[in-house]
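Colleague: Letter by letter, the chains look like this.
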Amino acid sequence: MASGHTMMRCGEYRTTYQADTTIFPTPMSRYFAVGSVILLLGAPALLNAYYLNLLIQIGYYGIAALGLNIVVGFTGQISLGHAAFFGFGAFASAWLNSSLHIPVFFSIPLAGVMTLLVGLVVGIPAGRIKGLYLAIATLASQFILEDFFARADWFTGGSYGAMAAPFTVFGYTMNTDQRYFYVVLFYVVVFFLLGSNLLRTRDGRAFVAVRDHYLSAEIMGINLNKYRILSFGISSLYAGIGGALFGHYLGYVSAEGFTILLSIQFLGMIIIGGLGSVMGSLLGTAFMVLLPEVMEGVVNLVGATSPDMTQALAYVKEMAIGLSIILFLIFEPDGLAHRWKMIKAYWKLYPFSY
Amino acid sequence: MRKRLLGAAVALAFLGTAGLAAAADKIPVGHLAALTGPTSDVGVPYGQGIADALNYINKNGGVNGKQIEFETVDYAYNAPRAVATYKKWMASMKPVAIQGWGTADTEALVQFIAQDQVPYISASYSGHLTDPTGKSPKTKAPAPYNYFYGPSYSDACRGLVQWAMEDWKAKGKEGKPKFVHMGDNHPYPNAPKEACAAYAEELGFEVLNPIVYSLKPADAKAQCLSLKESGANYAYLGNTSGSNISLLNSCTTVGVQTQYLSNIWGWDENSINAAKEAGNGVAWVVGAPPWGSAVPGMKTLAAISRMSDSSGKSERPLHYIRGVCATFFMKDAMEMADKAGGITGPNIKKAMDQMKDHVPAGLEGVCTPSTWTAEDHRGTTEVSVYTSDYKDGKFTMTKMATEDVPRRAEWLGW
Chain W
1 MASGHTMMRC GEYRTTYQAD TTIFPTPMSR YFAVGSVILL LGAPALLNAY
51 YLNLLIQIGY YGIAALGLNI VVGFTGQISL GHAAFFGFGA FASAWLNSSL
101 HIPVFFSIPL AGVMTLLVGL VVGIPAGRIK GLYLAIATLA SQFILEDFFA
151 RADWFTGGSY GAMAAPFTVF GYTMNTDQRY FYVVLFYVVV FFLLGSNLLR
201 TRDGRAFVAV RDHYLSAEIM GINLNKYRIL SFGISSLYAG IGGALFGHYL
251 GYVSAEGFTI LLSIQFLGMI IIGGLGSVMG SLLGTAFMVL LPEVMEGVVN
301 LVGATSPDMT QALAYVKEMA IGLSIILFLI FEPDGLAHRW KMIKAYWKLY
351 PFSY
Chain G
1 MRKRLLGAAV ALAFLGTAGL AAAADKIPVG HLAALTGPTS DVGVPYGQGI
51 ADALNYINKN GGVNGKQIEF ETVDYAYNAP RAVATYKKWM ASMKPVAIQG
101 WGTADTEALV QFIAQDQVPY ISASYSGHLT DPTGKSPKTK APAPYNYFYG
151 PSYSDACRGL VQWAMEDWKA KGKEGKPKFV HMGDNHPYPN APKEACAAYA
201 EELGFEVLNP IVYSLKPADA KAQCLSLKES GANYAYLGNT SGSNISLLNS
251 CTTVGVQTQY LSNIWGWDEN SINAAKEAGN GVAWVVGAPP WGSAVPGMKT
301 LAAISRMSDS SGKSERPLHY IRGVCATFFM KDAMEMADKA GGITGPNIKK
351 AMDQMKDHVP AGLEGVCTPS TWTAEDHRGT TEVSVYTSDY KDGKFTMTKM
401 ATEDVPRRAE WLGW
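Just so you know, the protein sequences line up as chains W and G, in that order.
First residue of the first sequence? That's 1 in full-length UniProt numbering, and the numbers climb one at a time after it.
First residue of the second sequence? That's 1 in full-length UniProt numbering, and the numbers climb one at a time after it.
Honestly, I wouldn't trust all of these hints.
[What the hints assert, rightly or not] Computed cross-link-like contacts, DMTMM-like style, restricted to lysine to aspartate or glutamate with a CA-CA straight-line distance of at most 25 angstroms:
| hint | chain 1 | residue 1 | chain 2 | residue 2 |
| --- | --- | --- | --- | --- |
| 1 | G | Lys138 | W | Asp153 |
| 2 | G | Lys138 | W | Asp147 |
| 3 | G | Lys216 | W | Glu218 |
| 4 | G | Lys216 | W | Asp153 |
| 5 | G | Lys216 | W | Asp147 |
[What the hints assert, rightly or not] Stretch by stretch, here's where chain W covers chain G in the computed footprint (C-beta under 8 angstroms, at least three residues):
| hint | segment |
| --- | --- |
| 6 | 65-74 |
| 7 | 181-195 |
[Said to hold, decoys possible] Derived list of chain G stretches under chain W, where covered just means 3 residues or more per stretch with a C-beta under 8 angstroms from a C-beta of chain W:
| hint | segment |
| --- | --- |
| 8 | 107-115 |
| 9 | 127-141 |
Don't read these hints as lab results, they were simulated from the structure.
Glycine included, every Cβ here is placed at the ideal spot set by N, Cα and C.
Go ahead and model the full structure; you've got the sequences and the hints to work with.
Modeller: Below, the structure written as structure tokens:
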């Protein structure tokens, strides 16, 4: 970190591998990350339940999206069954809590582990096939799990769904948004740090090697099967944790919620956020969660002046969501993370353009 | 240009998230609708019925002179978005009652609304929303603030099998008739499965293994062949209308001779027109008399319909009429609450729980008399069974029977 203490950085000064793999490339980015977490700690005192609800949604979906990014963005596999793992985590945590009477505090991580095991099993075909074939294999897992949710009465409550008890810790029930926000924030910080760290490890770099050129990776001695299956497992762990947080937040888990549509939404999150970017997963999730809310507000404003239009506006809203995704793919194919990098570079190089 | 676009986007975002503030003398009401998404085919007319009814109430004196201020939010049948909307409402306009929609979101909100004491009138008629105290062994969780207008899915299906048994006897047939439940493996079609099968068996049916067919409209010849092979005399269709239309078309091709029974969301005017002759003879549950029936309340209904159709020409489907009824029961409860000390959630609940064979004024003959008590939220157990007949581009709906399903204590919440 040769220039770590200068006011302004205008180039790359890294001279060691260690400096190259640091989590926060500049002290500024470290202050920024720590600062935002501290700022978020104060959010429940400042924001009302609605805004907290949106932040909580970004939290649990974000953890799951990061999981999908690990398998799609880092390892170069494709998964169309992420929503099913998300749902499995939610059901598993509710089941552990209600049937085995494990406190929610422990059932959430345990549900993550259970989902990881399911992910490893589903990941087995991933070790052998790729591309379109893998996409269809994961699609199959989506349908198999969805069917399982509807049939396995003992596990999911079948068609009635399962009640998920609120999160309690040291006698405190985290049943308000103000309290539950901290639970989600804790998991977000832990799992995003884990995610960033994963990519600095031997295994994480192996994932990237598998993505960039599987043949070269194999020649270098990387066990393709092992890493492909492993990335599926880790991705499922993230989905399971996100799903468990989701379940205990809503208090009720229904098989209706974990359809292929949600899987595609997860893909949308990481594409908009930026494939292969840890922070991008969070940015993309925020975009996907906030867009319908913002559009709803816009539609309401227009609808207030002309009530007869409500029906037509509902479709305009849906179209706008689709349109913004298409526009993203055209004008910002590398996602929000890329845009963020450009903004940072702009300030770093100011007043020069490059 | 790019900067200007960015500025516009930021401005829109600010405008969009600005909440609605409620004025003091207004009654804030939330309206959760599925105008888009997988259930919008039936969600649109139902939501329109609610919106028109609320506008009509406001235009005609409101609730004891107070105006209802409502916000319609299209949540596209997405439970987390329903919860987000609910949170937004509780943070800004603080509704005293909510008109809701589907299964997943209603269930997700059960605990929240009980905690916040907001009566929630849904279009999910799932049997286990009927137990406010949680006393029944069949209940998973008590639902003290949940209401719906009409028989529960389970009671509706019980009414259908009761009618089927009478039909079997009236036709002078011998032996045990065979009954089969059909539907996708989803919470909504499955909701009455066990409850209905148990009653069918009790009535003397032979209950066959259920047949699964997709909620999404698709060719269903394979399922029709299994239906034909099973030799079922009566088949209950648990899905929504779109998938039922394709099933009936497939089954006509295969040549199935079964009497179909359909639930409240499974058949309507649009399905009759779409399925044409293939849908002839389907017996289904109707929660309101068809548009234009000779009942006294039809005049009020026509006036309500004019709120969004000034020409008065459009013919409203059954789902629309049920939306109107659901709103008017809420309005009457609000009036009673107003007299009893103020329009608050708990007072509205108290008023709802005191309704006995109640029919909203002006809607006689349109809305079924309903009774709610603090112990039992089965508003009605009366099941109107209709059948439809399509010929030469026109259809007729005929009322077959009104089945009175027993109000057994052990069926509460099932």
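Colleague: Does each hint hold? Answer for all of them.
Modeller: Here's how the hints hold up against the structure:
1. G:Lys138 / W:Asp153: 14 angstroms, holds
2. G:Lys138 / W:Asp147: 24 angstroms, holds
3. G:Lys216 / W:Glu218: 44 angstroms, violated
4. G:Lys216 / W:Asp153: 23 angstroms, holds
5. G:Lys216 / W:Asp147: 15 angstroms, holds
6. 65-74: Holds, because 4 residues of the segment 65-74 of chain G bring their Cβ atoms closer than 8 angstroms to Cβ atoms of chain W.
7. 181-195: holds (count 8)
8. 107-115: That given contact holds, which follows from 6 residues of the segment 107-115 of chain G lying within Cβ reach (below 8 angstroms) of chain W.
9. 127-141: holds (count 3)
Violation of the numbered hints given earlier is confined to hint 3; every other hint is satisfied by the structure.
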